[in-house]
Amino acid sequence: MSAQTLAAPPAPTGQELAVRPSWKAPIAFAVLALVALITFGILGESGQTSTFGISTGSDAWQIDPLALSSQPVALGLSLVCVAVAAYAAWLVRAGQAVPVWLTVLFAIAFVLAFLVWAVAGEQISFTSLLQGALALSVPLVFGALSGVLCERAGVINIAIEGQLLAGAFLSAVVATLTGNLYVGLIAAVVAGLLVAFVLAVFAIRYIVNQIIVGVVLNVLVLGVTNFLYGQLLAPEAATWNSPGTLPRVEIPLLNEIPVIGPVLFEQTIIVYAMYVTVILVHVALFRTRWGLRVRAVGEHPKAADTLGIRVNTVRFRNVLLGGAVAGLGGAFFTLGNVGAFSREMSAGQGFIALAAMIFGRWSPLGALGAALLFGFANNLQSVLGIIGTPIPSEFMLMLPYILTIFAVAGLVGRVRAPAADGEPYVKS
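By the working numbering, the letter at position 220 of the sequence shown is numbered 1125, and the numbering carries on one by one without gaps.
Because the hints were derived from the structure by calculation, they are not lab data.
Keep in mind the model is a prediction, meaning the values are calculated, not measured.
Some clues are possibly wrong.
[Unchecked claim] Below, computed lysine to any residue pairings styled on SDA-like, alpha-carbon distance capped at 20 Å:
(1) LYS929 <-> GLN1286
(2) LYS929 <-> ARG1266
(3) LYS1207 <-> PRO1323
(4) LYS1332 <-> TYR1180
(5) LYS929 <-> ARG998
(6) LYS1332 <-> ARG1200
(7) LYS1207 <-> TRP1195
(8) LYS1207 <-> GLY1196
(9) LYS1207 <-> ALA1012
(10) LYS1332 <-> PHE1107
(11) LYS1332 <-> GLU1204
(12) LYS929 <-> ALA1012
(13) LYS929 <-> VAL997
(14) LYS1332 <-> ARG1321
(15) LYS1207 <-> GLU1328
(16) LYS1207 <-> TRP1006
(17) LYS929 <-> PRO1004
(18) LYS929 <-> TYR992
(19) LYS1207 <-> ASP1326
(20) LYS929 <-> ALA999
(21) LYS1332 <-> SER1147
(22) LYS929 <-> LEU996
(23) LYS1332 <-> ARG1198
(24) LYS1332 <-> ALA1142
(25) LYS929 <-> ALA1002
(26) LYS1207 <-> GLY1327
(27) LYS929 <-> LEU1007
(28) LYS929 <-> TRP995
(29) LYS929 <-> PRO977
(30) LYS1207 <-> LEU1197
[Stated by the list, open to error] So the derived label-pair ranges between C-beta atoms look like this:
(31) VAL1181 <-> ASP969: 34 to 40 Å
(32) PHE1132 <-> ALA1324: 36 to 42 Å
(33) GLY958 <-> GLY1213: 55 to 61 Å
(34) PHE1300 <-> LEU1010: 21 to 27 Å
(35) THR1150 <-> ARG925: 50 to 56 Å
(36) ARG925 <-> GLY1196: 58 to 64 Å
(37) ALA1139 <-> GLY1290: 27 to 33 Å
(38) ILE1214 <-> PRO977: 55 to 61 Å
All C-beta atoms, glycine included, are put in the ideal place defined by N, C-alpha and C.
Can you build the whole structure from these sequences, using the hints too?
Structure follows, in structure tokens:
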């Protein structure tokens, strides 16, 4: 046998080892662009006008409503989607990954094309649409941030739904009894902490399956709040369930900016707390030693333990912190929006928050963007139902889950949970 035959095969080069970019995103773009081109552009109603109100009465300067010719504008935006899909395919063919900004550009063009097509012959207030979207997004943002804090440390928090509901319940009761809405906010945080404490004890201390504990807590909180609502809050609402709502705080000058001002700077303290919380969590996770320790615990707990990091202590604290954040989000249902507690008022928002966390790739800013997108879709189905658009509202309601499936399938880029997410750690 010759020496050439016995020789080991040559080592692969760096170029051969490089992972080729996936074709999933260009294919998804192409399919959606084709749908937009045919449905919104070619088959759109000709001769119709889509009108969007821009300014409100408090704006420093007024902007006339924007009237757009439906079919030509929708067709143009659909062609933008086609161009983005083609460019994404060219990038992948050249061995380059599809950048995030290209995905964002495609999403904006597709949504605008859909809006122009759906509002044909009608008029809606674009500013009111965004205001409603932000309001519906607030609990989702807090819930998604709670999930990020827990899962970055390696603990799956299915109990976000229960934490939101507990926060909504206790904030309404305490605010009513004390006559102070801000004490109710503190009570909401405490409620979220209590639910998170039970989750942490069973999942971390006693190593019970984290998903099972979360589901049980959701059912427990649901049952307790329903029972107390039927026994106390409903028959004696004046005593137990009439907290009122927090006043809106206007930021001078900023609230007069068209569109942006009324949407972002005429809000309650809970919304402003949401802005601050997103920034703090992002900076803490990715710019501090604490965040480095948390991410190390979530990715490789054994290695973190060898470096002297108390893995289960870090996880316990993060679960409590996540519960406090979710509890504050629950207060928005009562003190920030409705002004009273009602049965099951979280209505599955905790599970949609989990979807936002996954779609946002376990990042605070990504979770914020996903939650805003889901809130926008939810509010849009209400607005389109009011103006009589023949689009089934059920389709808009299931949109967050469809987008999450796309994300998990990798159609919007690589999505990977922390390596030790959901895995209990037992010190050897």
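Cross-check of the supplied hints:
no., hint, result
1, LYS929 <-> GLN1286, "violated (28 Å)"
2, LYS929 <-> ARG1266, "holds (17 Å)"
3, LYS1207 <-> PRO1323, "holds (14 Å)"
4, LYS1332 <-> TYR1180, "violated (38 Å)"
5, LYS929 <-> ARG998, "holds (12 Å)"
6, LYS1332 <-> ARG1200, "holds (18 Å)"
7, LYS1207 <-> TRP1195, "holds (17 Å)"
8, LYS1207 <-> GLY1196, "holds (17 Å)"
9, LYS1207 <-> ALA1012, "violated (40 Å)"
10, LYS1332 <-> PHE1107, "holds (17 Å)"
11, LYS1332 <-> GLU1204, "holds (16 Å)"
12, LYS929 <-> ALA1012, "holds (16 Å)"
13, LYS929 <-> VAL997, "holds (10 Å)"
14, LYS1332 <-> ARG1321, "violated (25 Å)"
15, LYS1207 <-> GLU1328, "holds (12 Å)"
16, LYS1207 <-> TRP1006, "violated (36 Å)"
17, LYS929 <-> PRO1004, "holds (13 Å)"
18, LYS929 <-> TYR992, "holds (14 Å)"
19, LYS1207 <-> ASP1326, "holds (13 Å)"
20, LYS929 <-> ALA999, "holds (15 Å)"
21, LYS1332 <-> SER1147, "violated (49 Å)"
22, LYS929 <-> LEU996, "holds (12 Å)"
23, LYS1332 <-> ARG1198, "holds (17 Å)"
24, LYS1332 <-> ALA1142, "violated (50 Å)"
25, LYS929 <-> ALA1002, "holds (11 Å)"
26, LYS1207 <-> GLY1327, "holds (14 Å)"
27, LYS929 <-> LEU1007, "holds (14 Å)"
28, LYS929 <-> TRP995, "holds (13 Å)"
29, LYS929 <-> PRO977, "violated (29 Å)"
30, LYS1207 <-> LEU1197, "holds (15 Å)"
31, VAL1181 <-> ASP969: 34 to 40 Å, "holds (35 Å)"
32, PHE1132 <-> ALA1324: 36 to 42 Å, "holds (41 Å)"
33, GLY958 <-> GLY1213: 55 to 61 Å, "holds (59 Å)"
34, PHE1300 <-> LEU1010: 21 to 27 Å, "holds (24 Å)"
35, THR1150 <-> ARG925: 50 to 56 Å, "holds (54 Å)"
36, ARG925 <-> GLY1196: 58 to 64 Å, "violated (32 Å)"
37, ALA1139 <-> GLY1290: 27 to 33 Å, "holds (29 Å)"
38, ILE1214 <-> PRO977: 55 to 61 Å, "holds (60 Å)"
The structure is inconsistent with the numbered hints 1, 4, 9, 14, 16, 21, 24, 29 and 36, although it conforms to all the rest.
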